[in-house]
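Chain G: place on chain V using the hints.
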Amino acid sequence: MRFSTSLRELIGKRDFYAGGLMLLLGLGIALKGTTYRAGTLMHMGPGFLPTALGILLSLLGIAIAAASLAPGSDEHGGDQSLLPEHPQWWAWFCILMSPVAFIFFGRYFGMAPGTFACVFIAALGDKTATWKGTIILASVVTVFGVSLFSYFLQVPMPILTWRGEF
Amino acid sequence: MIEQALSGLWYGFGVAFEPHNLMWCFVGVLVGNMVGVLPGMGPLATISILLPLTFGMKPVGAILMLGGVMYGAQYGGAICSILLNLPCHPPHAVTCLDGFPMTKQGRGGVALGLTVFASFVGASWGITEMIFLSPILVKAALQFGPAEVCSLMLLGLLAGSTLARGSPVKGVAMTVLGLFLGSVGTDLETGSERYTFGMTELDDGIELIALALGLFGIAEFMNSVNQVAPINTKYTNVGIKDMRPTKADMKRAFFPMWRGTIVGSLCSLIPGTGPTIASFVAYATEKKISKHPEKFGTGLIEGVVCPEASTHSSVQGDFIPTMSLGIPGDAVMALLLGALMIQGIVPGPQLITQHPDIFWGLVASFWIGNIMLVLLNVPLIGIWVKMLAIPYRYLYPSAMFFVCIGVYAANNDFFQVGEVAVIGLFGYVLLRLGFHPAPILLGFVLGPRFEENFRRAMLISRGDILVFVERPISAVFVALCAILIGSQIYFRLRGSKADLEPAAENVVGGEAPTALATQRVPATPAE
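The listed protein sequences derive, respectively, from chains V and G.
For the first sequence, the working numbering assigns the number 1 to the initial residue and increments by one for each residue that follows.
For the second sequence, the working numbering assigns the number 1 to the initial residue and increments by one for each residue that follows.
So here's chain V without its partners, still in its complex pose (with noise of 0.2 Å):
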């Protein structure tokens, strides 16, 4: 029992899984990097510098989840969970389907459906939105966004488009 509870508690403790995750990313880097050639500290080869900073990046990934194991470091405050309060999966998703909107909109179909796609969708992620408002919301800005960035900034890319076809 008592074991459960303070094993729960480690694994509860965020920087944990920061010191984890910068771990993780520190050994994929510097084995990546052993691919390169490292060369020698006089004629350096181009994996040399990238191999040692992931070397450098997990030892520290392995200080931060080490030192969130001592006893009386709360650099939280108490809130250790990875999730905030109120998670916002929907607003989350919205946020980054908004670029891709952008990508598909914009790469197909030009650069005004592109604005107006990429604006709805990242609205649509506020709790208080309604479809009126966010209509509004983005039929301005792309009537703004298109005359700034194609007539008076030249960005080259077409306002209308079929099928990324002219």
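Hints were generated in silico from the structure; no laboratory data involved.
Lysine-lysine pairs mimicking DSSO-like chemistry, simulated, CA-CA at most 27 Å apart:
hint, chain 1, residue 1, chain 2, residue 2
1, G, K104, G, K241
2, G, K251, G, K241
3, V, K127, G, K386
4, V, K132, G, K386
5, G, K295, G, K247
6, G, K295, G, K104
Fair warning: this is a prediction, and the values are worked out from it, not measured in the lab.
Chain G in isolation, oriented as in the chain V frame:
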């Protein structure tokens, strides 16, 4: 020396007063002020959004505008913290302590008026410092070989990551990650590709704009969406008439203002201690030497002007190492250096002689910009105050569009738009794990130059790593690095952090991963 500086300044005013440069400076401070006022947008995100727009501009105009955003945002941020008690930008967190109580007493206007004045004084001091100190630094820095440059960069990186807020180990980890990200792409010396995983789009390395917008744009939006409390506009009815301070206020504010200015300029000379630390130190000093320290926090004018003057003096002073040595002190400066590099200008001690128009034009534009800001802030205060009420639900979707189109316009390539989304997600994970992403940018911008100089130093010394401690100047930098690390470990083992950290923690209520986090309050549960 002084004559040279003055003639340089004279020349700089000529550059800065050219109509298009004047216009870009105005655009910069205007946008900066606006962004500073808007809760939820930081100068970092704004500068990265504006960065692609500067590609078609001349370098002078570009850097004038981007610099203007940086210090303009500091003016705007004060409005936000005094009237709303929202420290949207970390340097202004301490201003809330006495600024908001003053607002509650109905003296918010006075606080704002004196803040604008103190800001101008602080900024002027910082600029003067830049005029006279930069040429001296340059003279010293021109003697530097690759080994010195390398250890100086190391010192800058270490200071930038350990002196910033939060765990120093995590800061160093982020710097290392940034250095690594800077090495992605084609290796400059051998031409071989590194960490591209077969994606030809990554041959030129990770796009600076994508990295900045991912970390400070998308990750921030994910962090604050649905978390921003509706803003209390009860006290925001301030007009120009309310801003006039009484004679007694002026008298009481005078010396704290100068003390703040001096503290700020000292802080800006230590690499890595940006405006945030400067404002905290200034407030703590002011409280310590005050005859009635217990009254701080109840709406003392001293507690408002001192940190504000300090912030501004430090913001301008931060440009000194950035422009004269090419070593940025924080992420914003790293971004500005990145902007220069995109324009094909190599930062470093040769910048002042090779591009005097950029350096002196920038210095002169600081004066002009600060005067513009005073003019913008005093009569137009009503407009800025109204902007406080723009809800976040309109702000972040519009910003998402600017992020996407900005990254696209950098290379006219959709690949970078995908890149920014991936970096954004990764940045949010880092934020949740308690990492501060700012040092990543610092490492990223300095990374390639660090590697180049490191390799060169090793080549010259025939592979002898001891060269860094054998050359005297380099040895001093290495020793400073050791002191920095040693003192961090010492404070850690003693169990007490540096004096200012608990103060910082009290102000912002514990952990504050980024600029935005400080204004977050727990959201109401979803219906």
